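Asker: Spelled out, the chains give:
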Amino acid sequence: MDDLSHIWEALRDVKDPEIPTVSLVDLGVITSVSVDDENVVHVTMTPTFVGCPAMEYMRSEVVRRLERMEFSGVDVRMNFDIPWSSNRITDEGRAALATFGLAPPAEYEGVLELEVLNNVACPICGSHNTTLRSPFGPTLCRSIHYCNSCGETFEGFKPL
Amino acid sequence: MSNDAALKDLLFRMADDDLIIAHRNSEWTGLGPIMEEDIAFSSIAQDKLGHSLALYTLLETLGEAEPDTTAFTRDEAQFRCCHLVEYPIGGYDFSLMRHFLFDMADMLRFELLESSSYEPLAKLAAKVRGEIKYHVFHAATWVEQLGAKGSEESHARMQSSLNLVYPLALGIFEPSQFEAELAASGIFAGEAALQEKWIAAISPILERSNLRIPAVADPAQAYGGRRGYHTEHLQPMLTEMTEVFRIDPTASW
Chain A
1 MDDLSHIWEA LRDVKDPEIP TVSLVDLGVI TSVSVDDENV VHVTMTPTFV
51 GCPAMEYMRS EVVRRLERME FSGVDVRMNF DIPWSSNRIT DEGRAALATF
101 GLAPPAEYEG VLELEVLNNV ACPICGSHNT TLRSPFGPTL CRSIHYCNSC
151 GETFEGFKPL
Chain B
1001 MSNDAALKDL LFRMADDDLI IAHRNSEWTG LGPIMEEDIA FSSIAQDKLG
1051 HSLALYTLLE TLGEAEPDTT AFTRDEAQFR CCHLVEYPIG GYDFSLMRHF
1101 LFDMADMLRF ELLESSSYEP LAKLAAKVRG EIKYHVFHAA TWVEQLGAKG
1151 SEESHARMQS SLNLVYPLAL GIFEPSQFEA ELAASGIFAG EAALQEKWIA
1201 AISPILERSN LRIPAVADPA QAYGGRRGYH TEHLQPMLTE MTEVFRIDPT
1251 ASW
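Line by line, the protein sequences are chains A and B.
The opening position of the first sequence corresponds to residue 1 in our numbering, with each subsequent residue numbered one higher.
The opening position of the second sequence corresponds to residue 1001 in our numbering, with each subsequent residue numbered one higher.
Everything labelled a hint here was simulated from the structure, so no lab data went into it.
Because the structure is a prediction, the values reported are computed rather than measured.
A virtual CB, placed ideally from N, CA and C, is assigned to each residue, including glycine.
A couple of the hints might just be wrong.
To be verified - Away from chain B, derived, C-beta distances all over 10 Å, residues of chain A:
| hint | residue |
| --- | --- |
| 1 | Asp13 |
| 2 | Glu61 |
| 3 | Gly73 |
| 4 | Asp81 |
| 5 | Pro83 |
| 6 | Cys125 |
Unchecked claim - Partial pick of chain A residues on the chain B-facing surface, computed with a CB cut under 10 Å:
| hint | residue |
| --- | --- |
| 7 | Leu4 |
| 8 | Ser60 |
| 9 | Ala121 |
| 10 | Thr131 |
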């Protein structure tokens, strides 16, 4: 099998337009990469939220990045074959979310219980003494929380 | 495929419900009673719009027009949404109760569809159910808060909106002419099965909220939407929703 690591590496250059510290690879939205016999590169992406208006922009950014490489064609598709889950975010991605000031989503096994939103660690002071203010925030993937320890309002990346 | 008519009917019901409730929820943008609720209704609207687009895209693969054409060029009689989603937003109490009753049904419908024999729909269902879980979580939190932990006034307003919305919500489950076919082919368990799950899911939450489900003499009062017979509220909304599109249907945005 061909070594595709240089493609994955190139895709790390493409960032989430709304959270520019996180690459699409670390966000977990790239589900497959392959190159066919005619040197056409095929990439499959899975949307974070189905209604996320940034997904088409992300897709076009992936196309633009791959067009700068030596392929005879670029084919980037979006489907739900592998549904996105916040568990797909890499450790590096979680750290990058925190750098941006967003609490990383709680990791979970099996069925997600939304009660985990009640004691999200504050990205500013680290306290778990926090309260969910609203499960909806400035973008579809964010929730709003309040830290009872440091008194700051902060946003979290939603577990899904 | 012999089940095409049945499958399309199911997809149109779902897609049209999502599109119309998305538009109604978006009418709260800028008007929410507190900023968090403004954001919540706007976000839920965006999710629903995304779900309707995904469903119209499935319809396109089955031979229907591309999604924008389907969404923006049909007239009222061609829509298959239920009456519940057509009503104007009313007060926050009305919209919240509608959101609670509709989203619980929406979540449970997709839950049933995760095992649909129509694979593209099963995949979509697996994806969107987690999103709708947030909608239900939001609605249930507020229903309980205002029903059981609020004031006498908030309780009274939640009960009167339940009295108003509940009979309309029964229209979600208007049986289709394809029930037997959908069940036999493993596409969808059916409206009756869904309604049963819905009652079981809303009852304990309403009970905790000190709210009583009203008796409904004739559930069929809210039927008709699935056959193209709508309330007086749908066409004016469609006219407004498609106003910009109609100025130049070929414009690219």
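Asker: Are threonine 131 of chain A and chain B close enough, Cβ to Cβ, to be under 10 Å, as the hint says?
Answerer: Because about 12 Å separates threonine 131 of chain A from the closest Cβ in chain B, which is outside the 10 Å limit, the hint is violated.
Asker: Does glutamate 61 of chain A really sit off the interface, with its C-beta more than 10 Å from all C-beta atoms of chain B?
Answerer: Correct as stated: the minimum Cβ-Cβ distance to chain B is 19 Å, above 10 Å.
Asker: So glycine 73 of chain A supposedly isn't at the interface. Is its beta-carbon more than 10 Å from every beta-carbon in chain B?
Answerer: holds (23 Å)
Asker: Is it the case that aspartate 81 of chain A keeps its Cβ farther than 10 Å from each residue Cβ in chain B?
Answerer: Answer for aspartate 81 of chain A: violated, closest chain B Cβ roughly 6 Å.
Asker: If you take the shortest Cβ to Cβ gap from serine 60 of chain A to chain B, is it below 10 Å?
Answerer: violated (14 Å)
Asker: Closest CB-CB distance from cysteine 125 of chain A to chain B, is it above 10 Å?
Answerer: holds (22 Å)
Asker: Just checking, aspartate 13 of chain A versus chain B, shortest CB gap more than 10 Å?
Answerer: holds (27 Å)
Asker: Does leucine 4 of chain A pass the interface hint, meaning its C-beta sits closer than 10 Å to a C-beta of chain B?
Answerer: violated (25 Å)
Asker: Please verify that the nearest CB of chain B lies beyond 10 Å from proline 83 of chain A's CB.
Answerer: violated (4 Å)
Asker: Using the nearest Cβ pair, does alanine 121 of chain A come within less than 10 Å of chain B?
Answerer: violated (20 Å)
Hint compliance for this structure: hints 4, 5, 7, 8, 9 and 10 are not met, and every other hint is.
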